[in-house]
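Participant: Sequence:
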Amino acid sequence: MKFEAKPKYVNISLCAFGVIAASIVLYLLLQNLGYIAGVFGKLMDILSPFVWGFALAYILNYPYRWLFNKMSEMKRKPKEGIIKAVSLIITYLLFIFIVGTFFYFFVPHIINALIGFINVIPTYVTKIRVGTFDFVADYLKLFDISQNEVYNIMNTTFEDLTSGLDLQHMMTKIVDILLNVTVGLKNFIIGLIISIYFLVDKNRFKRAGKKLVCIIFSKDTARRIFYVLDLTDRTFGSFVIANVLDSFIIGCICYIGMVLLRLDYAVLIAVIVGVTNIIPFFGPFIGAIPSALLLFLVKPLEALIFVIFILILQQFDGNILKPKLFGDSLGIRAVFVIFAVLIGGGLFGIIGMFAGVPVFAVLYAVSTAFLNKKYREKCLTEEKNEL
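If you count by my numbering, then the sequence shown holds residues 1 to 387, one letter each, in order.
Derived by calculation from the structure, the hints in this document are not laboratory data.
Heads up, the beta-carbon is just placed ideally off N, CA and C, and yes, glycines get one too.
Do not take every clue at face value.
[Said to hold, decoys possible] Quick list of the computed label-pair ranges, beta carbon to beta carbon:
#1 L212 x L114: 47 to 55 Å
#2 C15 x D201: 42 to 50 Å
#3 D220 x Y375: 14 to 22 Å
#4 Y375 x H109: 52 to 60 Å
Using the sequences and the accompanying hints, generate a full structural model.
Facilitator: Okay, here's the thing in structure tokens:
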């Protein structure tokens, strides 16, 4: 008896097998999620110099490309190899100059401010302790509790709180932080070297990627992939450039304003405000709240002045500066910005809060284009047929 396989049942069997296999794989992944996360984290630690290199190459590609285009428009333009070499050298010299200037002028001020703040912490802790004791004692007098009993209770409570501080554990944490900073600096330097190779061979990598996509996928699918990649590049590029420029301007204005208002820790707070301002929507609050608390511990009146100043500064940033720099580059509403920041921050921390907005903008643009296309193909056709 000859067996004949019917295509219908073969397809059903293959689909069933695929569903069962996918379910087993998903179950195994969920069962070993901790191990997989550990392996992935270890892999990311190993590849972190390449991540740094790619990120630096992507950012520095903009000044490199601008210099390359300007030199190519010269009447007596040199050979292309010379233009590439000169553009590359100028780009990296400018980047090293900016980073070196920051470390030379700002880092010492930040370190001195932190050391000064740490030195005065015991004084302010004592003031807070005495002020709290007096306040609680005056309040408890209403309940016929003597001041000595109040002081005994408060002293016991304060000793219980401070006894939990393990000095050896704190020193271990400090050593771990220093080691992480050293490793991060090493990865950054290696990444800077790798970024040069990425930037020099970017066209070669681009051509190789296009060939690979065209080989694996069909012509229409490859065209869609290139469209999404181009949209992602334009969205990320405009967002990163505008956001970094906006944060730099806000940091400078914050420093100038604090100097004019004669507020303490001007350099430290300006750097905090400028860096956290990179995070959309929540960044100003993330930077302003600890800065205000820092000033409040020193001089409460300065904290009040700083809060008023930062509110005015953020109004200027949100209503004047950001619209001028960003324009319609993202094309998404404010509620979607908040949604993207919350989801990105919940999944990937600070990096997710920063990258969540452009990623969501790309997904929003792609999905909108897809829905509009389907609408034109289906709904408009049906409306024309009805007419």
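Participant: Take the C-beta atom of L212 and the C-beta atom of L114, compute their distance, and say whether it sits inside 47 to 55 Å.
Facilitator: 49 Å, holds
Participant: Measuring from beta carbon to beta carbon, are C15 and D201 in 42 to 50 Å?
Facilitator: 43 Å, holds
Participant: Using the C-beta atoms of Y375 and H109, is the stated range 52 to 60 Å upheld?
Facilitator: 57 Å, holds
Participant: Is 14 to 22 Å right for how far apart the beta carbons of D220 and Y375 are?
Facilitator: 19 Å, holds
Violated hints are absent here; each numbered hint is respected by the structure.
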